[in-house]
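Asker: Spelled out, the chains give:
There are 4 protein chains.
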Amino acid sequence: MQIRLGYDLRFDVPAPTVMTTLLHVHPSRVPDLIEPDVLQVDPAVSVESYLDLFGNRATRLQLPAGTIRLQTQALIADGGALDARDPTAVQHAAHELPPEVLRYLMPSRYCEVDLLAPIALDLFGNTEPGWPRVEAICKWVHERVSFSYATARPTRGALDVFTERVGVCRDFQHLAITFCRCLNIPARYAAGYLGDIGVPAAPYPMDFSAWFEVYLGGRWWSCDARHNARRIGRVLMATGLDATDAAITTTFGAATLTHFEVTSDAVPDSLAVSA
Amino acid sequence: MQIRLGYDLRFDVPAPTVMTTLLHVHPSRVPDLIEPDVLQVDPAVSVESYLDLFGNRATRLQLPAGTIRLQTQALIADGGALDARDPTAVQHAAHELPPEVLRYLMPSRYCEVDLLAPIALDLFGNTEPGWPRVEAICKWVHERVSFSYATARPTRGALDVFTERVGVCRDFQHLAITFCRCLNIPARYAAGYLGDIGVPAAPYPMDFSAWFEVYLGGRWWSCDARHNARRIGRVLMATGLDATDAAITTTFGAATLTHFEVTSDAVPDSLAVSA
Amino acid sequence: MQIRLGYDLRFDVPAPTVMTTLLHVHPSRVPDLIEPDVLQVDPAVSVESYLDLFGNRATRLQLPAGTIRLQTQALIADGGALDARDPTAVQHAAHELPPEVLRYLMPSRYCEVDLLAPIALDLFGNTEPGWPRVEAICKWVHERVSFSYATARPTRGALDVFTERVGVCRDFQHLAITFCRCLNIPARYAAGYLGDIGVPAAPYPMDFSAWFEVYLGGRWWSCDARHNARRIGRVLMATGLDATDAAITTTFGAATLTHFEVTSDAVPDSLAVSA
Amino acid sequence: MQIRLGYDLRFDVPAPTVMTTLLHVHPSRVPDLIEPDVLQVDPAVSVESYLDLFGNRATRLQLPAGTIRLQTQALIADGGALDARDPTAVQHAAHELPPEVLRYLMPSRYCEVDLLAPIALDLFGNTEPGWPRVEAICKWVHERVSFSYATARPTRGALDVFTERVGVCRDFQHLAITFCRCLNIPARYAAGYLGDIGVPAAPYPMDFSAWFEVYLGGRWWSCDARHNARRIGRVLMATGLDATDAAITTTFGAATLTHFEVTSDAVPDSLAVSA
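In order, the protein sequence lines correspond to chains A, B, C and D.
Residue 34 is where the first sequence starts when you use this note's numbering, and the numbers rise one by one after that.
Residue 34 is where the second sequence starts when you use this note's numbering, and the numbers rise one by one after that.
Residue 34 is where the third sequence starts when you use this note's numbering, and the numbers rise one by one after that.
Residue 34 is where the fourth sequence starts when you use this note's numbering, and the numbers rise one by one after that.
Check each hint, because a few of them may be wrong.
As the list claims (entries may be wrong) - EDC-like, lysine to aspartate or glutamate: derived pairs with alpha carbons at most 16 angstroms apart:
{"hint": "1", "chain 1": "D", "residue 1": "K172", "chain 2": "D", "residue 2": "E161"}
{"hint": "2", "chain 1": "B", "residue 1": "K172", "chain 2": "B", "residue 2": "E161"}
{"hint": "3", "chain 1": "A", "residue 1": "K172", "chain 2": "D", "residue 2": "D155"}
{"hint": "4", "chain 1": "C", "residue 1": "K172", "chain 2": "C", "residue 2": "E161"}
{"hint": "5", "chain 1": "D", "residue 1": "K172", "chain 2": "A", "residue 2": "D155"}
{"hint": "6", "chain 1": "B", "residue 1": "K172", "chain 2": "C", "residue 2": "D155"}
{"hint": "7", "chain 1": "A", "residue 1": "K172", "chain 2": "A", "residue 2": "E161"}
{"hint": "8", "chain 1": "C", "residue 1": "K172", "chain 2": "B", "residue 2": "D155"}
Keep in mind that the hints were calculated from the coordinates and are not lab data.
Chain A with its partners taken away, still in its complex shape (with noise of 0.2 angstroms):
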């Protein structure tokens, strides 16, 4: 299966300022471009690329005033897979996880390992380690928390997210994140393409999308308690600690996003084929 990557953003900007993006599809998807996503800025601007302190691709533009458009289409093959789920990974003790992971046991801006390890070990102390624990604790998170738009603000951390109850896609990721850490199985935040391949169509546009990772039985996993499914087609952009640092655009001024458009769409073989 092919997947058919793309966005569309203009931004109004009223005065000179910069951004950085991670509008790249993560390091380790890069072997799967069939076409590559070049990031066509117009107009053209100084782009500066680098990898950041997480191993994702970022890019620093310096932005005149005006109108700014930032698009990309790529082509990338995917195994048309749901997301890889292996009940027997096992976790890890402390001793055993490659140094780089340890950093992912750690509380973060808005994952509060130090405020919510009691409440976590009352939750999901006695499930089993390992997969089933992680399955348990997106199963709660999906379950106790409700999906809702109207609430967003950019301060929420996971402990807000366990006493209001409400959240969007980067609340369920965070509160699933920080009772992971508590209990000792590593887990970063996600963001990427999700793709709506193999579920419903969503009832609202097509966005980019958090989830988180696991590490378990020596390699990451993807899971994701706002939906608590297995997909197919997620492609990676970039990870971290949080959602601090896997923002798609941060603007050190002002701009205001007027268009905002995302596709990932499924491409059968056959007419990946015949293109």
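Dock chains B, C and D against chain A, hints included.
Answerer: Chains B, C and D in isolation, oriented as in the chain A frame:
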């Protein structure tokens, strides 16, 4: 000038566990070591050394049950000067900062930039950017927050420090770091040997200490909102987003600290030479 | 001047439940009623009337399942003057305050006096006590907090308002009340008919409104940190520690508000006479 | 049985100030007083006595600079029985509660009912209403929260207790009160003489104590989430929404407590008769 560094830590460990440490001088200070800071562990255990996400030299130890002792003795060359200061060091615009510095403008667990931004603007928005702004922040935190061991708690973030106006070392630095980031000055947490060099002896036993660093004029500078005074003889061990990343020891299980001794003594050059 | 007051509220109630209301004018305004504000409930239900802890005229209704309608029509005499103001009204020392006023110096759910005391002192400690201090507080809150229905949430306390700088009516008043109490000025929450008298019509439907009262010079005065302007024709319904005590309706079970209409219209005296 | 009650408090007062106290037995216990609990103030000062908003007997003192001493000695009759208990006392529906009890279902400063409601439902929603539910709450709080003087802080609310799992007397009661209110059981804070009667002597000096009361089966009952055990000889001094309303002394200025002694000793009836 030379400084004799050392520590002697002992723990009671009821059951085998894993500990990570940041007990080495920071890689940036390794060239100054005259005698290396070998981490001696008694009894001998498996020790794994690695650089963590923030570039600190970390170790992971597998501790058996019983008493564990961690020691070092090292000698380091030091210019013997007060913390560097340059009032002309400029505050960089976002496009001028090295990409790896950008993360230090963002929120972290104990530095809730998103919550304190309007407050920082109220308090310091009219100060002159750059060095004077950092000094105004350090002065404010130093004068408005009272030191109090008795009220220490591991969950206190910068907003708590701002409302409660009490704290220990780390709390002072967290509030100052947050204010700096709110005003677009990159700031990171620092831990190390503080030294009592050139200041009256403290009325309590020597400890590792926390300070912070700001990025101005193309480099990082040491600042200290707890003491708000320049020091001689700081020796950096670790930096990170906040105290989460700079814990001297982190244990994945029970361990009781039973002995704690840190030394950091100036050795006059004459003596050093004759040695 | 006379004011015609009224409301027409309808609820869908899925199962029998209990509702308490504060749908009467405050006992202090009862002498001004020309036509009484009879609470009409349709269908007729058991209605119990009582004075609550704060001296408000409250009712408790046992609601059957179905549609419930609460209405009143009343006529009240009003001086037609702007909110009273006396810049010479003094701030009382604690020993001069009537004992029943002392509670309005203390913290309540949405007015965290204990958390905001140092902040209040920083911001307003140098203002002249009494009236000028209250005006400085109202001005600050009015100018620094933005009105936003979209961000309303029932759990937002004064500290949240201070950090987020957005809110609805009640949030503005909570922050101002808290600042007043921090500086030893008794302050309480107030709810009632605001009236559009003497001001341009609001761009949204008439609603009940929140303001607050301060105790200076031996009496309570109406203040409004949301609008920071004096009004004609406020008609008080309830006061209390904060919004907890002044909810117009509280339901002990499910009930959906389906219709909401409040009227508060000035009736010229000539018309009133001929009526 | 009779109980000899008393206290001896001394304060250093640097400048004239005002103090309010709740240093009398609660009006509900006045009929039991054999010797009245006269508040002796040395030096003699102006003392004003009044009932506060919650029906407690309060006093307001104008203190001169210098040393101030507050004392009483009283004798009270007591049934000598353990705290009353009636497992059949029913939980009332909202329409059955006396109106003056309704306020004790709502949030207050340290009892954030709005934040803890879903948590309370998770934890206790399946317990049997009424007495068993209250007992389940007391047991949970008693077992999951650790007593710690060292961590006391005046700003800690019920949610903080729930996340931190440590506290002093008041913190245990705040969390239990909040859970009760979340589940529609009226609950209020109580302070008074605890007595060491019928229990081993505490390892620390006698203090006033905090407990709480729930309204079931038509009356208030004493509960204690700190000790989770019935006591002999509680003598109530004050009730209120939470600790805000039951502070034994509140000073509107500086005052240092220099001496603190509370006595509460059982006097066998034989001795009492002969006296």
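Asker: Each hint needs a verdict: does it hold in this structure or not?
Answerer: The hints, checked one at a time:
no.	hint	in the structure
1	D:K172 with D:E161	holds (14 angstroms)
2	B:K172 with B:E161	holds (14 angstroms)
3	A:K172 with D:D155	holds (15 angstroms)
4	C:K172 with C:E161	holds (14 angstroms)
5	D:K172 with A:D155	holds (15 angstroms)
6	B:K172 with C:D155	holds (15 angstroms)
7	A:K172 with A:E161	holds (14 angstroms)
8	C:K172 with B:D155	holds (15 angstroms)
Of the numbered hints listed earlier, not one is contradicted by the structure.
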